[in-house]
Amino acid sequence: MRFGVTVDFNEQPVTSPEFLAGFAQAAEDYGFDTLWTSDHVVIPQGHSSDYPYAERMPYEDAPIPDPIVTLTFVAAKTKTIRLGTSVLVLPQRNPVVLAKQLASLDVYSEGRVDLGIGVGWLREEFEAIGVPWERRGKRTNECIEAMRALWTQPVASYEGELVRFSNVVCDPKPVQPGGVPFIIGGHSIPAARRAGKYGAGFFPHVFGRAWHELIAEARRTAEANGRDPDDVEISAGVPPELELAQRLEELGVSRLNILITDPDVPSSRRTLERISRDLIARM
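The numbers in our numbering rise by one with no breaks, and the one at position 12 of the sequence shown is 12.
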């Protein structure tokens, strides 16, 4: 079992360089595998889109720094902890530009980047950015394929319905063989299929019967695409409780992401030390 920590935009001073560096270094010191940060370019006020995981978006009024810039800063302040997005709204990005940014970050971090992606839920944000809301799932799939082409082909070409380019050189390549891993987030059957086809991991934001159905669909899709289903690592975001972690491990979960809410570095270090002692060391 691997353990990651997620930045809390509501409770933590995420725009403080001192806090972010100290928090990331503490997580690294206490054996956490990955630091995760989230993504929204803008939050349109008065939006009518429903947040899919709660009655209200939990950090609607909080600052949300750009995830690539944030993780670049963290990379410079740490040595071993992995750097993850949970999740970046992929269809809002230009995949050619994003491929270059992530490859550069992977080089400078010596191969520590994980790209968690989702298709997005906030229609008004797409409108503000000027990206079509419709067919965002199709665009996401093409972005994945196009970015992999840029990362693996010396002279890359890609011809999709929504993304296309030909005979381009995009260097440097990522340090990680095959490029930066994609961790697929979502709570739908298309997300499960995307994870099975493309994902190094799957982070379904549901539990219960729906969770089992999504995991089964991801495994079926992996097999249909000639992949070993066990190569799709399953993640869950849960409280740091030993019994719960053990149950999830029995169900095939191999990565837990824990939200830390302490508002300063000293209290964060105490919380991380406790979780390391009471949970990580006992798994």
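Hints in this document: simulated from the structure, not taken from any laboratory.
Hints are not guaranteed to be accurate.
Below, simulated SDA-like cross-link-like pairs (lysine to any residue); rule was C-alpha separation at most 20 Å, straight line [unchecked claim]:
| hint | residue 1 | residue 2 |
| --- | --- | --- |
| 1 | Lys79 | Thr6 |
| 2 | Lys79 | Val107 |
| 3 | Lys173 | Gln101 |
| 4 | Lys173 | Tyr108 |
| 5 | Lys100 | Ala149 |
| 6 | Lys100 | Pro181 |
| 7 | Lys138 | Ala200 |
| 8 | Lys79 | Ala21 |
| 9 | Lys173 | Lys138 |
- prompt: Holds or violated: are the alpha carbons of Lys79 and Thr6 at most 20 Å from each other?
  reply: Satisfied, since the Cα-Cα distance of roughly 18 Å is no more than 20 Å.
field: Given pair status - Gln101, Lys173, alpha carbons within 20 Å
entry: The given pair, whose Cα atoms are some 10 Å apart, holds under the 20 Å limit.
- prompt: For the pair supplied as a hint, Lys138 and Ala200, is the alpha-carbon distance within the 20 Å limit?
  reply: Holds, at roughly 19 Å.
message: Just to be careful, I want the Cα atoms of Lys79 and Ala21 compared with a cutoff of 20 Å; is the pair within it?
response: holds (12 Å)
query: Is it true that the CA of Lys79 sits at most 20 Å from the CA of Val107?
result: holds (13 Å)
task: Given the hint that Lys173 pairs with Lys138, test it: the Cα-Cα distance must not exceed 20 Å.
output: Roughly 25 Å between the alpha carbons, so the hint for Lys173 and Lys138 is violated.
- request: Could you grab the alpha-carbon distance between Lys173 and Tyr108 and see if it respects the 20 Å cut-off?
  value: Between Lys173 and Tyr108 the Cα gap is close to 11 Å, so the pair holds against 20 Å.
- prompt: Does the alpha-carbon distance linking Lys100 and Ala149 stay inside the 20 Å limit?
  reply: holds (12 Å)
message: Hint check: Lys100 vs Pro181, CA-CA at most 20 Å. Holds or violated?
response: This hinted pair holds, its Cα atoms lying about 14 Å apart.
Hint 9 from the earlier list is the only one contradicted by this structure; the remaining hints agree with it.
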